[in-house]
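Using the sequences provided together with the hints, build the complete structure.
What follows is each chain in one-letter form.
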Amino acid sequence: GAGVSQSPSNKVTEKGKDVELRCDPISGHTALYWYRQSLGQGLEFLIYFQGNSAPDKSGLPSDRFSAERTGGSVSTLTIQRTQQEDSAVYLCASSLGLVYNEQFFGPGTRLTVL
Amino acid sequence: TQLLEQSPQFLSIQEGENLTVYCNPSSVFSSLQWYRQEPGEGPVLLVTVVTGGEVKKLKRLTFQFGDARKDSSLHITAAQPGDTGLYLCAGRYNNNDMRFGAGTRLTVKP
Chain A
1 GAGVSQSPSN KVTEKGKDVE LRCDPISGHT ALYWYRQSLG QGLEFLIYFQ
51 GNSAPDKSGL PSDRFSAERT GGSVSTLTIQ RTQQEDSAVY LCASSLGLVY
101 NEQFFGPGTR LTVL
Chain B
1 TQLLEQSPQF LSIQEGENLT VYCNPSSVFS SLQWYRQEPG EGPVLLVTVV
51 TGGEVKKLKR LTFQFGDARK DSSLHITAAQ PGDTGLYLCA GRYNNNDMRF
101 GAGTRLTVKP
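As given, the protein sequences belong to chains A and B, one line each in that order.
Numbered per our numbering, the first sequence spans residues 1 to 114.
Numbered per our numbering, the second sequence spans residues 1 to 110.
Worth flagging that the hints you see were computed from the coordinates, not collected in a lab.
All values reported here derive from a predicted model rather than from experimental measurement.
Relax, there's no trap hidden among the hints.
Taking CB as the label site, the calculated pair distances span:
no.	chain 1	residue 1	chain 2	residue 2	range
1	B	P39	A	K15	23 to 29 angstroms
2	A	N10	B	G53	42 to 48 angstroms
3	B	P39	A	T78	25 to 31 angstroms
A few chain B residues that don't get close to chain A, going by computed Cβ distances all over 12 angstroms:
no.	residue
4	Y22
5	S73
6	P81
Just so you know, even glycine gets a beta-carbon here, dropped at the ideal spot from N, CA and C.
Have a look at this one:
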């Protein structure tokens, strides 16, 4: 398919372990976003990549969270030393990076920290 | 700090009723978008409003952007169970950086 894909779809981990979440954006989309959505809540902005510019990391909740975008395409969100409060759905979106453009979302990764 | 306040947080109505949900940014955004999210899926864009006073219609959905671009509303006429979902507004913040409100969770009962 040509949409945004995320993997894994579900991840269960133990407190203190590191996890990596992957996002494959739509080909040609220069902008990529990561959001966190807790149960029944809206979207919490985490980080934003636009082309080769420095990412906007202002939404990352702590230094345990980091993200990379390699080659302007695939992105990985890493959470180190996971805590129970990290449990949420992590959504990735991509867009053409133009003004007023639409964000296309992946289905998300549901992370459960035991 | 919530950049975009949405109200009500929850709304449960009967099929056939009309409803309005609101999005109130804490500052002026150059554009607003409305998304709908269904369980287990990512949000899907419904509309983008750009101009103050703009009104856009999408079948039974009517979107308004306030004259001063400080508020927006979504009105649904004759709601149907298929309208059930989380309605999110998003504002363009710092170039292409988009921020979302917490959403209105709508349930339409048959």
